[in-house]
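Since the structure of chain A is provided, determine the placement of chain B on it from the hints.
These protein sequence lines map, in sequence, to chains A and B. Using my numbering, you'd call the opening residue of the first sequence number 1 and step up by one each time. Using my numbering, you'd call the opening residue of the second sequence number 1 and step up by one each time.
No lab work stands behind these hints: they were computed from the structure. This one's a predicted model, so the numbers in the text were calculated from it and none came from an experiment. Honestly, I wouldn't trust all of these hints.
[Said to hold, decoys possible] Result set (DSS-like, lysine-lysine): computed pairs, CA atoms no more than 25 Å apart in a straight line:
{"id": "1", "chain 1": "A", "residue 1": "Lys-280", "chain 2": "B", "residue 2": "Lys-32"}
{"id": "2", "chain 1": "A", "residue 1": "Lys-280", "chain 2": "B", "residue 2": "Lys-256"}
{"id": "3", "chain 1": "A", "residue 1": "Lys-265", "chain 2": "B", "residue 2": "Lys-195"}
{"id": "4", "chain 1": "A", "residue 1": "Lys-280", "chain 2": "B", "residue 2": "Lys-82"}
{"id": "5", "chain 1": "A", "residue 1": "Lys-266", "chain 2": "B", "residue 2": "Lys-192"}
{"id": "6", "chain 1": "A", "residue 1": "Lys-265", "chain 2": "B", "residue 2": "Lys-192"}
{"id": "7", "chain 1": "A", "residue 1": "Lys-280", "chain 2": "B", "residue 2": "Lys-15"}
{"id": "8", "chain 1": "A", "residue 1": "Lys-280", "chain 2": "B", "residue 2": "Lys-192"}
{"id": "9", "chain 1": "A", "residue 1": "Lys-280", "chain 2": "B", "residue 2": "Lys-11"}
[Claimed, not checked] The following label-pair restraints were derived from C-beta to C-beta distances:
{"id": "10", "chain 1": "A", "residue 1": "Lys-240", "chain 2": "B", "residue 2": "Asp-131", "range": "51 to 61 Å"}
{"id": "11", "chain 1": "B", "residue 1": "Leu-181", "chain 2": "A", "residue 2": "Lys-237", "range": "36 to 46 Å"}
{"id": "12", "chain 1": "B", "residue 1": "Gly-130", "chain 2": "A", "residue 2": "Lys-36", "range": "47 to 57 Å"}
{"id": "13", "chain 1": "A", "residue 1": "Ser-133", "chain 2": "B", "residue 2": "Lys-144", "range": "53 to 63 Å"}
{"id": "14", "chain 1": "B", "residue 1": "Tyr-217", "chain 2": "A", "residue 2": "Asp-255", "range": "30 to 40 Å"}
{"id": "15", "chain 1": "B", "residue 1": "Leu-3", "chain 2": "A", "residue 2": "Thr-130", "range": "30 to 40 Å"}
{"id": "16", "chain 1": "A", "residue 1": "Glu-289", "chain 2": "B", "residue 2": "Tyr-217", "range": "21 to 31 Å"}
{"id": "17", "chain 1": "A", "residue 1": "Ser-133", "chain 2": "B", "residue 2": "Tyr-217", "range": "17 to 27 Å"}
{"id": "18", "chain 1": "A", "residue 1": "Leu-263", "chain 2": "B", "residue 2": "Gly-130", "range": "39 to 49 Å"}
{"id": "19", "chain 1": "B", "residue 1": "Phe-36", "chain 2": "A", "residue 2": "Thr-130", "range": "24 to 34 Å"}
{"id": "20", "chain 1": "B", "residue 1": "Pro-180", "chain 2": "A", "residue 2": "Glu-289", "range": "15 to 25 Å"}
Cβ coordinates follow ideal geometry from the N, Cα and C atoms, glycine included.
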Amino acid sequence: MILIGENIQILSKVVSNALKEKDEKPLQELAIRQAKAGADYIDLNVGPARKDPDVMKWLAGVIQEAVNKPLSLDTTNPVAMEAGLSVCKIPPLINSASGKQESKDKMLPLAVKYNCDVVLSVLIDAGIPTDSSSRAEAIMETVAYANEIGIPNERIWVDPIMMPISVDQPQVVELFEFMKILQDICPGAKSTLGLSNLSNGAPEHLRGILNRICLVMLDRYKCFSAIVDSFDEELVKLAKGQLPDIQNLIYRAMDEEVDVSGLPKKEVDIVKTVNVLMGKSLYSHSWLET
Amino acid sequence: MQLNDFFEPYKGDVKEVAIGPEGKTVKIGGEKTLPFHAFEGQVGTPVRFALEVFDAPPEGWPEHLRSSYADVLADPVAWANKCVKQFGADFICLNLASLDGENPDMKRIAENVKKIAEQITVPLVIMGIGDKDKDAKALVEIAKVCSGKNLLLGPLVKENYEEIAKAALEGGHGIIPQSPLDINLCKELNVKLTKFFPKEKMVIDPLSAAIGYGIDYSFSIMERVKQVAVIHNDEMMKAPMVANIGKDCWKTKEAKEDKTQGILWEAITAFTLVLSGANMVIMRHPESLRLVKKLIS
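So here's chain B without its partners, still in its complex pose:
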């Protein structure tokens, strides 16, 4: 009996998605095995980490979170540069906080994104606020104005995926389709998107929840997505996955009431979802990021 007899041969793989313009491209995914099963197959790129930046100063943050960014909160470019240079983020996730409010100026928001994209040294993920209409308007505009910058735009949901994906395709960007904690609906959205959108430009978001607030659902679904791709070779499920956890962790009372607890809350949430198969994690506190990176390495 050989050692290899104990290993599983996997039929499927996860697509490798490249984001960012030439010169600052970063790749995500590309594995041919289950998470941390390096002994059974090619592992793909390391897990990538993004830190969040907001295009309008965030409100309601606890002091032990705010203080890390106190000097840059009003300046997204400085904020992003701090995340990259000081805290070691692989990407920046720019949250379009300025969409919140009445009649946001989409042109101005898009121009601002362009300016930020040009002044930072890492690829940019752009996240809407979860309002399907405003997100669609903003992301379509951004896709046009930032043509060629190979941004990663999200979230795309079943009500707005068509217009955003079409604009992303024209502008040469990647997308983040998001489904509501349901693997069948996750596949459904992928099936519809891949009829006109390349699989190599999709990073899927099966929806993440924080520890104590439903992470078990996220874990099982992400675990199954990865198994369906790698073990069962399902063409529609081969996209890398993103766990967008900052918001959900930092709205918990546990994270808000105590610094150490908050940092651990986010770090352990991130690590748990990496174990379940996330290829990319979007986080908020630099110390949580440092901890989870240390744990993995």
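Okay, chain A solo, but in the shape it has when bound:
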């Protein structure tokens, strides 16, 4: 699975300070560390960048000096997006456009102009769709529009939008359902999603296990990539298929009722987490304790 490293993002104190001070060092270090850890793309999340759209131009320049990886330019501001696109040496990923009219008008055409891949989320003017079929409906329409203006499916990375499991567990199940049918409705399209949002609101020390197991499940449903915490070593190993025992247990728990009696705690935790992600058991912050 292709991993997009999320660690350069505006909500981090280190990052927001460095951006404000135009301090290259900590940002370049973050990029180098992510590349070493196994990130295939480096996401540059500068937020809406309303006051200073050129910040993306500066950041993209600084990061590509430090690492030889494609960038994922992450902003909802088309002016900032274009500023970044204009300096990228390796074709970057536009992260992201959506089915909202404004995005269709201003963001999507940039993928044509700069001939690069684009993340297309299921978001539409009416909001985030709430089940798999309305996700399908939303994305088919947006993809058809993108095709019309000259972006083929192969350059579209569909983002089904991951919701926090602690807020709306059924949405996670709906997202899996959507991933199962994606290739039927948009043949050849790639896919990605913000994995960490899954565990937003969950107890800090348990976020990793949710993210990791969900990643393996998504991989099995042919999800092409995910935006992840590059510094979660086990997650990177799982994504690269280096932990086959864990992967097999996850697959088994997805397919059947696994008898957990006698299993070591780590394996019991995996089975319980799969059950919560599949909606077989009701989520609570202490799902591993029941």
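Just chain B now, with coordinates in the frame of chain A:
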């Protein structure tokens, strides 16, 4: 094809909770099917109804509510007896109105609860005022003073559940854990409580809202709680549920401005939540109680 082929076999059940001391025990819950699905499994006890009594005379009630209790408002025992004998309440829910105000005397409040518990013929639910600190102090004291009376104490919230539940356990009482209209937090509180508190002594309150004021949220959550218990057999969600609706119904302007409207507001709120799976309803107007009982029977 048999008739039975159309029925769902359910794996789970709802615990049966007994409250009240020996001789006046009443049971709640115990079903192995969804609400009103008697054709698919054992239905458990009938829905139980409590009427509210206040340990200090309530203020701000509309005349068409106050008049039912005008002669007993200052005497909780007489009030409770009227609710039982004249209006047919299965339980009394004593609201600790006297906690409102500065430095309430917890000892006196607890002694008063004991006196009331001893003089009435039905089990007693004790409800705090929703102030997590005062409620905890009062309920802990009451649990001690009324040891052995098997009261049902509430509400327990995530900030005060530990101390109240421990006191309830020592005093042999049941509890009402309350969660803020969120099924995941509801489960969370149950998980934490059942580590030291018996499941058979819990009646959960997923938080009720009145018609027109968010009852749809309450309905969906209570419906899901019941489904998770009965269909999915989730051990943590098998407690019977209480819908505590009196306060929320009678603070609406619709209930306050007109007698018939007010009575219907409360009765239909109660009936709606019974449909969603409430095993017990706490109500305020005797006429609303009569109506909803009639509708169910």
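Results for each hint:
{"no.": "1", "hint": "A:Lys-280 <-> B:Lys-32", "verdict": "20 Å, holds"}
{"no.": "2", "hint": "A:Lys-280 <-> B:Lys-256", "verdict": "44 Å, violated"}
{"no.": "3", "hint": "A:Lys-265 <-> B:Lys-195", "verdict": "18 Å, holds"}
{"no.": "4", "hint": "A:Lys-280 <-> B:Lys-82", "verdict": "48 Å, violated"}
{"no.": "5", "hint": "A:Lys-266 <-> B:Lys-192", "verdict": "21 Å, holds"}
{"no.": "6", "hint": "A:Lys-265 <-> B:Lys-192", "verdict": "19 Å, holds"}
{"no.": "7", "hint": "A:Lys-280 <-> B:Lys-15", "verdict": "21 Å, holds"}
{"no.": "8", "hint": "A:Lys-280 <-> B:Lys-192", "verdict": "21 Å, holds"}
{"no.": "9", "hint": "A:Lys-280 <-> B:Lys-11", "verdict": "14 Å, holds"}
{"no.": "10", "hint": "A:Lys-240 <-> B:Asp-131: 51 to 61 Å", "verdict": "54 Å, holds"}
{"no.": "11", "hint": "B:Leu-181 <-> A:Lys-237: 36 to 46 Å", "verdict": "40 Å, holds"}
{"no.": "12", "hint": "B:Gly-130 <-> A:Lys-36: 47 to 57 Å", "verdict": "54 Å, holds"}
{"no.": "13", "hint": "A:Ser-133 <-> B:Lys-144: 53 to 63 Å", "verdict": "56 Å, holds"}
{"no.": "14", "hint": "B:Tyr-217 <-> A:Asp-255: 30 to 40 Å", "verdict": "35 Å, holds"}
{"no.": "15", "hint": "B:Leu-3 <-> A:Thr-130: 30 to 40 Å", "verdict": "36 Å, holds"}
{"no.": "16", "hint": "A:Glu-289 <-> B:Tyr-217: 21 to 31 Å", "verdict": "27 Å, holds"}
{"no.": "17", "hint": "A:Ser-133 <-> B:Tyr-217: 17 to 27 Å", "verdict": "24 Å, holds"}
{"no.": "18", "hint": "A:Leu-263 <-> B:Gly-130: 39 to 49 Å", "verdict": "43 Å, holds"}
{"no.": "19", "hint": "B:Phe-36 <-> A:Thr-130: 24 to 34 Å", "verdict": "28 Å, holds"}
{"no.": "20", "hint": "B:Pro-180 <-> A:Glu-289: 15 to 25 Å", "verdict": "21 Å, holds"}
In summary, the structure is inconsistent with hints 2 and 4 from the numbered list given earlier, while agreeing with the others.
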